[in-house]
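Please put together the full structure from these sequences, using the hints given.
The listed protein sequences correspond, in order, to chains D and Y. Numbering (this note's numbering) for the first sequence: 1 to 316. Numbering (this note's numbering) for the second sequence: 1 to 316.
What the hints contain is simulated information worked out from the structure, not anything from laboratory work. Among these hints, one or two may not hold up.
What the hints assert, rightly or not - The calculated DSS-like cross-link candidates involving lysine-lysine, where the alpha carbons are at most 27 Å apart (straight line), are:
| hint | chain 1 | residue 1 | chain 2 | residue 2 |
| --- | --- | --- | --- | --- |
| 1 | D | Lys287 | Y | Lys181 |
| 2 | D | Lys181 | Y | Lys287 |
| 3 | D | Lys165 | Y | Lys43 |
| 4 | D | Lys183 | Y | Lys86 |
| 5 | Y | Lys183 | Y | Lys156 |
| 6 | Y | Lys164 | D | Lys164 |
| 7 | D | Lys86 | D | Lys75 |
| 8 | Y | Lys246 | Y | Lys43 |
| 9 | Y | Lys86 | Y | Lys110 |
| 10 | Y | Lys75 | Y | Lys13 |
| 11 | Y | Lys183 | D | Lys164 |
| 12 | Y | Lys164 | D | Lys181 |
| 13 | Y | Lys243 | Y | Lys56 |
| 14 | D | Lys181 | Y | Lys281 |
| 15 | D | Lys181 | D | Lys102 |
| 16 | Y | Lys13 | Y | Lys165 |
| 17 | D | Lys183 | Y | Lys43 |
| 18 | D | Lys164 | D | Lys13 |
| 19 | Y | Lys46 | Y | Lys86 |
| 20 | D | Lys164 | Y | Lys165 |
| 21 | D | Lys164 | Y | Lys181 |
Claimed, not checked - A few chain Y residues facing chain D, derived, Cβ under 8 Å:
| hint | residue |
| --- | --- |
| 22 | Phe58 |
| 23 | Pro199 |
| 24 | Gly201 |
| 25 | Asn212 |
| 26 | Tyr213 |
Stated by the list, open to error - For each label pair, taking beta carbons as the anchor points, the in silico distance ranges come out as:
| hint | chain 1 | residue 1 | chain 2 | residue 2 | range |
| --- | --- | --- | --- | --- | --- |
| 27 | D | Ser136 | Y | Asp37 | 20 to 30 Å |
| 28 | Y | Lys181 | D | Asp263 | 29 to 39 Å |
| 29 | Y | Pro199 | D | Ser136 | 39 to 49 Å |
| 30 | D | Asp284 | Y | Glu141 | 26 to 36 Å |
| 31 | D | Gly108 | Y | Gln70 | 46 to 56 Å |
| 32 | D | Thr5 | Y | Lys181 | 31 to 41 Å |
| 33 | D | Leu289 | Y | Ser293 | 28 to 38 Å |
| 34 | Y | Asp234 | D | Asp231 | 41 to 51 Å |
| 35 | Y | Ser184 | D | Lys102 | 42 to 52 Å |
Cβ coordinates follow ideal geometry from the N, Cα and C atoms, glycine included.
Number of protein chains: 2
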Amino acid sequence: MTIKTNPVYVSTKDTAEHILSKYDNFLFDCDGVIWLDNKLIPKVDKFLQLLRAHNKKFIFVSNNSSKSRQVYLEKFAELGIHNISKNEIYPTCYSAALELTKLQIPLGSKIWVLGDEGIERELTEMGYIPIGGTDSRLDSEWQENHPLLTVDPEVKAVVVGSTKKFNYMKIATTLQYLLYKNKSIPFIGTNIDRSYPGPEGIILPAGGSVVNYMAYTADREFINTGKPSSDFLDIILQDQGFKREKSLMVGDTMYTDIKFGNDGQLGDGQGSLLVLSGGTKFTDLAKLLDNRSLEDESLVPSFYAESLTSLVELLE
Amino acid sequence: MTIKTNPVYVSTKDTAEHILSKYDNFLFDCDGVIWLDNKLIPKVDKFLQLLRAHNKKFIFVSNNSSKSRQVYLEKFAELGIHNISKNEIYPTCYSAALELTKLQIPLGSKIWVLGDEGIERELTEMGYIPIGGTDSRLDSEWQENHPLLTVDPEVKAVVVGSTKKFNYMKIATTLQYLLYKNKSIPFIGTNIDRSYPGPEGIILPAGGSVVNYMAYTADREFINTGKPSSDFLDIILQDQGFKREKSLMVGDTMYTDIKFGNDGQLGDGQGSLLVLSGGTKFTDLAKLLDNRSLEDESLVPSFYAESLTSLVELLE
Chain D
1 MTIKTNPVYV STKDTAEHIL SKYDNFLFDC DGVIWLDNKL IPKVDKFLQL LRAHNKKFIF
61 VSNNSSKSRQ VYLEKFAELG IHNISKNEIY PTCYSAALEL TKLQIPLGSK IWVLGDEGIE
121 RELTEMGYIP IGGTDSRLDS EWQENHPLLT VDPEVKAVVV GSTKKFNYMK IATTLQYLLY
181 KNKSIPFIGT NIDRSYPGPE GIILPAGGSV VNYMAYTADR EFINTGKPSS DFLDIILQDQ
241 GFKREKSLMV GDTMYTDIKF GNDGQLGDGQ GSLLVLSGGT KFTDLAKLLD NRSLEDESLV
301 PSFYAESLTS LVELLE
Chain Y
1 MTIKTNPVYV STKDTAEHIL SKYDNFLFDC DGVIWLDNKL IPKVDKFLQL LRAHNKKFIF
61 VSNNSSKSRQ VYLEKFAELG IHNISKNEIY PTCYSAALEL TKLQIPLGSK IWVLGDEGIE
121 RELTEMGYIP IGGTDSRLDS EWQENHPLLT VDPEVKAVVV GSTKKFNYMK IATTLQYLLY
181 KNKSIPFIGT NIDRSYPGPE GIILPAGGSV VNYMAYTADR EFINTGKPSS DFLDIILQDQ
241 GFKREKSLMV GDTMYTDIKF GNDGQLGDGQ GSLLVLSGGT KFTDLAKLLD NRSLEDESLV
301 PSFYAESLTS LVELLE
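Right, here's the structure in full:
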């Protein structure tokens with residue numbers, strides 16, 4: 001691990017233009033970068049238009065597993081961002097489905113889901129049969145004779161992701177699959193995110209906390225299909241035909257987004273831009289820089305900026 | 001750390017009598033040792049009578065935080081075990097209340113609770129004011145304008161323990177307290193248990209998984225007031241006037257019960273007895289012994305037996 005220099009603060013027209021000229025491909029996190037909860041971050045639409053005008057390519061890579069690519073498209077449209085296609089969006093419900101194929105789980109297999117509809121939709125679209133998930137029988141209070149506590153032996157993998165509708169019934173049924181046959185059923189977790197910025201500035205628990213809960217109670221590891229997984233990045237770069245050295249990851253979270261770009265050697269080792277419009281504040285960055293250990297090097301961004309708003313204003 | 005010899009299998013009358021003569025004080029875990037779910041493990045009542053007849057002292061130390069000492073007494077009585085007093089029972093809802101006094105949180109303070117009634121009862125009995133907990137307003141689906149998302153600045157500590165009634169509303173409100181004022185409110189977790197044996201042989205998620213969830217999402221450490229905490233053991237030994245070298249911990253879980261006895265140097269370093277009537281099977285013990293690293297030494301019991309049933313049968 002090499003020691004990185006401190007990140008460049010993108011606060012002048014020159015540095016903003018440098019970024020625009022250096023990279024051909026922009027990978028954007030969504031929550032905290034493109035929008036905050038249900039509001040577009042100001043002028044993000046203009047920034048994307050500017051990228052298009054300069055023949056830049058961009059895609060969206062979100063650790064959120066709750067929304068399918070189709071629902072993402074609808075959200076973008078509602079926020080006034082059009083001209084995006086489904087194959088430019090990589091939420092982790094989709095990467096989980098890709099991982100199942102990579103693990104050679106036969107299409108047509110049943111997959112046990114703890115998570116929201118996004119996972120069910122992407123698995124179905126890929127050709128799998130999700131069970132559990134949003135099944136309303138799991139919304140009940142704890143019942144020790146609940147029919148879904150009996151393992152369906154046809155289930156070939158477990159996918160755990162974000163949901164605000166979790167309860168003990170869902171946790172307990174999922175545990176049965178994770179322990180089944182000496183813990184031999186593959187366990188996919190869609191992300192490792194601890195929390196995210198919610199409405200009115202409050203911080204809310206994120207999907208990685210549910211994944212971590214299941215890993216802890218089952219006492220087993222999981223395959224992370226979200227950022228910062230290098231496998232996930234490799235799939236995306238290949239899929240899009242992006243050159244690694246000409247790509248930049250833009251995100252608001254150091255241990256997922258920035259590490260993703262750094263570990264993946266984007267931009268020849270200068271391929272991560274932290275924006276302070278989401279879950280990370282300047283004091284968090286300063287704290288990391290002041291106390292960094294060797295292990296923290298992969299969390300240090302190449303650049304940081306207030307937001308995409310500030311970036312587009314510098315370029316206007 | 002010294003390397004322990006392999007545990008002695010208590011399978012003969014001689015070894016059983018050795019145990020009875022060597023120790024004056026017996027510390028029993030409950031779930032998986034005294035009972036399994038709601039059934040007494042056969043002949044446990046006889047074993048306790050035999051201990052009384054030999055002038056042995058015994059107490060119960062449970063990582064369960066859901067039931068207050070009073071409710072434990074009632075459960076013992078229902079299972080036919082009488083002549084136990086409240087001050088011989090140490091569930092972690094009680095140890096959490098003890099910890100609050102040790103942290104010098106003034107009596108009369110509000111304490112935010114994520115957990116069951118047991119915690120509320122013990123905190124109230126100690127003189128604190130529990131809030132959150134079983135408040136039915138928290139049983140609702142996620143509401144981003146929920147009144148309890150606003151932190152009550154009078155709260156002086158957070159206690160998290162077992163509950164089968166958890167949901168996103170409870171998790172999200174608790175997170176607000178854990179993050180409040182730069183994470184300065186003390187965070188007590190009642191145990192680190194991953195899972196426990198439930199009805200019909202199924203394994204269910206335990207309270208430590210909820211504690212771990214909150215620690216992960218808040219990205220902070222907690223004070224563990226359950227086994228294997230040495231502070232907890234010290235309090236119990238002092239409270240009961242038990243001599244360390246004459247005491248034996250009897251439990252079914254190696255990373256909590258056995259480690260508790262071993263780390264606490266009970267029985268002059270020979271003070272832990274694993275019973276296989278609960279969450280740990282012989283294969284689990286064999287796996288530990290085969291692959292043990294130095295770190296695992298504290299998990300290796302001094303003795304193991306099938307159950308208290310087998311022990312009393314050897315002594316009859």
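Are the Cα atoms of Lys243(Y) and Lys56(Y) separated by 27 Å or less?
12 Å, holds
Does Pro199(Y) pass the interface hint, meaning its C-beta sits closer than 8 Å to a C-beta of chain D?
5 Å, holds
Holds or violated: Lys181(D) to Lys287(Y), with C-alpha atoms at most 27 Å apart:
17 Å, holds
Taking the CB of Ser136(D) and the CB of Asp37(Y), does the distance hold inside 20 to 30 Å?
Distance hint for Ser136(D), Asp37(Y) holds at roughly 27 Å.
Between Asp284(D) and Glu141(Y), does the C-beta distance stay in 26 to 36 Å?
31 Å, holds
Keeping to a limit of 27 Å between CA atoms, is the pair of Lys164(D) and Lys165(Y) held or broken?
14 Å, holds
Interface hint for Gly201(Y), Cβ within 8 Å of any Cβ on chain D:
Given a least distance of 11 Å, the restraint on Gly201(Y) is violated.
Lys13(Y) paired with Lys165(Y) [C-alpha distance capped at 27 Å]:
Not OK: Lys13(Y) and Lys165(Y) at ~45 Å, beyond 27 Å, violated.
Assess, step by step, whether the Cα of Lys164(D) is no farther than 27 Å from the Cα of Lys13(D), and give holds or violated.
Distance ~42 Å between Lys164(D) and Lys13(D) Cα, so the pair is violated.
Holds or violated: are the alpha carbons of Lys164(D) and Lys181(Y) at most 27 Å from each other?
25 Å, holds
Assessment of proposed distance window 31 to 41 Å (beta carbons of Thr5(D), Lys181(Y)):
Given about 34 Å between the Cβ atoms, the range holds.
For the restraint on Tyr213(Y), tell me whether the closest CB of chain D is nearer than 8 Å.
4 Å, holds
Hints 3, 4, 10, 16, 17, 18, 22, 24 and 29 from the list above are not met by this structure, while the remaining hints are.
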